[in-house]
Amino acid sequence: MAADIALQRVAGARGRGGAVGDFLFHHLTFLFALLVLLILGGVIVALVEGALPALRTFGIGFLFSDVWNPVTEKFGALAPIYGTLVTSAIAMLVGIPVAFGVAVFITEICPIWLKRPLATMIELLAAIPSIIYGIWGLFVFAPFVQQYIQPNLIDSLGQIPGFGALFAGPPLGIGVLTAGFILAIMVLPFISSIMRDVFETVPAILKESAYGLGATRSEVVRQIVLPYTRIGVVGGIMLGLGRALGETMAVTFVLGHAHRISISILQPGTTISASLANEFTEAVGDLYLSSLIALGFILFVITFIVLAIAKLMLLRLQRRAGG
Amino acid sequence: MSIYTRRRITNGVVMSLSVAATAFGLLWLVLVLWTLLENGIAAITPALFSQMTPPPGSAGGLLNAIFGSVVMTFIATLVGTPTGILAGTFLAEYSRGSRFGEVVRFINDILLSAPSIIVGLFVYEVMVVRMGHFSAWAGSMALAIIVIPVVVRTTEDMLNLVPNALREAAAALGSPKWKVIIMVSYRAAIQGMVTGVMLAVARIAGETAPLLFTALNNQFWSTNLNAPMANLPVVIFQFAMSPYADWQVLAWGGALLITLTVLCLNIGARALASWSTFKQ
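Protein chains in written order, with the numbering used here: chain A, 3 to 325; chain B, -6 to 273.
With the rest of the complex left out, here is chain A (with noise of 0.2 Å):
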């Protein structure tokens, strides 16, 4: 009898609309998470529609040439590409060994009491928003540059034949340097706290016998840690790469804004990403502009190959982890 009841309760519920708000609400959820890949379409239609006209003009040449003339009309993305790809570059060369660093302290050094407010404050730099790193940056941190760091590296380092290329010219304080150094602030957070998450996956069992068998805690993480999490690893490093890559406001208000190439890291450069702060709201001329969207357009596909492979790495280490 009370079993009669439920069922007839059960079919009450499907009765009352229960299939047709299914349906409804299925869908529903289906539609908005469609456009979550409409708008990656939309952004890649977008960009490659207003890239056209420069991309027409200027053919593959367009990414061999550091030419940037508005007057002429004559633009190239080398020089964008190649302050891009060198801030990155020193932003990955101080943030991975600091990130790492950060890592290993909070995984198996730290008293437990500190782990959670350390991982905190941490990632609270990240949360930081890159136009405070820029302000702060230009006023505080670039002046420093200029008084005490630069002088010295052209004292040092620049005097170096062949090598000192790099540290030559005047102490600007602004420049390549003082913006991949701001770069590496900003990604040391992303490094590290993936890292900590990867390492947090490596078996008790597997460090306690290796500490059982007398290893020092430098050889648990170089002989134990380390190779288990090693694509997380670099899966952690290019997802810091992507964001140093397409990182905007801190990179403009540092970088000095020369369209050109120079050997010297300490010189002003451009991105592209700061070249797109600067000059899109003044472009003039449809080729310029197209110009600059076509920028935009590049950095996009580096970035999205770059976080692509982050996730791929990443994705793995998650599936052993599980199987």
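It is worth saying that the hints were derived from the structure and are not from the lab.
For each residue, glycine too, the CB sits at the ideal point set by N, CA and C.
Hints are supplied without guarantee of correctness; some may be wrong.
Unchecked claim - Looking from chain A toward chain B, a few residues come up when the C-beta cut is under 7 Å (computed):
1) H28
2) H29
3) T31
4) G43
5) V50
6) I124
7) V142
8) F302
Stated by the list, open to error - Covered stretches of chain A, as calculated for chain B (at least 3 residues, CB under 8 Å):
9) 62 to 74
10) 96 to 109
11) 128 to 141
12) 219 to 225
13) 235 to 247
14) 304 to 311
Put chain B on the given structure of chain A with help from the hints.
Using the frame of chain A, we list chain B on its own:
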């Protein structure tokens, strides 16, 4: 020197470097916040909240910029939150193991880290060019596109933490799936989902790059969403890069304001998340 001593020394060096790296990381947080306070506190006056952005050389405040930022952030959240929650719901509840779900998840994660200036370019092409002028609507849409992936991600993660037993219990009582999701899954995951929205708001509160080509800037008080609108980040950018001392002071004030908002939202979101029922 015995092998043992050498290993101990290596260990000591490596561990000290790791401590030093952490201290180095924290140093920047302290330095940035300290300079912000030092330079910004002088600018936090009643005038900052009651007067418009001034022409160079005269006194003023940031009222129109604060208003613009609040309005655009609000609209972006209003658009982005339901969109993100529904898409996240699809990923967590309807697409377990499906190919389509995996693709959406992958693309969403890429959008999550994609450069925000690209989003600005996209909205410029789609809205500003078509409408023929910059507008607050375009700025709001650019911000909404940044909100969506954040909310999708957290919604999906939080719904995945809801134990299946809850869903099965509700289904066994005869409730249709949409009711299970709305009345059981959402209720169980609500804290986490709110956290996600707060983090998204924190993320867009300081976004500058996508607003440069969409909302642009406006020196005057404007409530017209169909026209360019002032907003804190772009005003800070313009004022900080200018040679005028008054403008630079205002820029510092705005920077302090944004940072405090963002940090409060972040810390609040984290506190909320740590209460969350299913997180450990």
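Should the interface hint for A:H28 be scored as holding, given a Cβ-Cβ cut-off of 7 Å against chain B?
Cβ of A:H28 sits 6 Å from chain B, so the hint holds.
Are three or more residues of the stretch 219 to 225 of chain A within 8 Å, CB to CB, of chain B?
holds (count 4)
Interface hint check: A:G43, Cβ to nearest Cβ on chain B, cutoff 7 Å. Holds or violated?
Interface hint status for A:G43: violated (9 Å vs cutoff 7 Å).
Report holds or violated for chain B covering the stretch 96 to 109 of chain A, Cβ cut-off 8 Å, minimum 3 residues.
holds (count 9)
Examine the stretch 235 to 247 of chain A for residues whose CB is less than 8 Å from any CB of chain B, and state whether their number is three or more.
holds (count 4)
Do three or more residues of the stretch 62 to 74 of chain A come closer than 8 Å to chain B, measuring C-beta to C-beta?
violated (count 0)
If you look at each residue in the stretch 304 to 311 of chain A, do at least three have a Cβ nearer than 8 Å to any Cβ of chain B?
holds (count 4)
Interface hint compliance - A:V50 to chain B, C-beta minimum distance less than 7 Å:
10 Å, violated
Min Cβ distance, A:F302 to chain B: is it shorter than 7 Å?
5 Å, holds
A closest beta-carbon separation below 7 Å is what the hint needs, so does A:H29 meet it against chain B?
With a closest approach of 10 Å, the A:H29 hint is violated.
Should the interface hint for A:V142 be scored as holding, given a Cβ-Cβ cut-off of 7 Å against chain B?
Result: holds, 5 Å to nearest chain B Cβ.
Holds or violated: is there a CB of chain B closer than 7 Å to the CB of A:T31?
Holds: closest Cβ of chain B sits about 4 Å from A:T31, inside 7 Å.
The structure fails to meet hints 2, 4, 5 and 9 from the earlier list, while all remaining hints are met.
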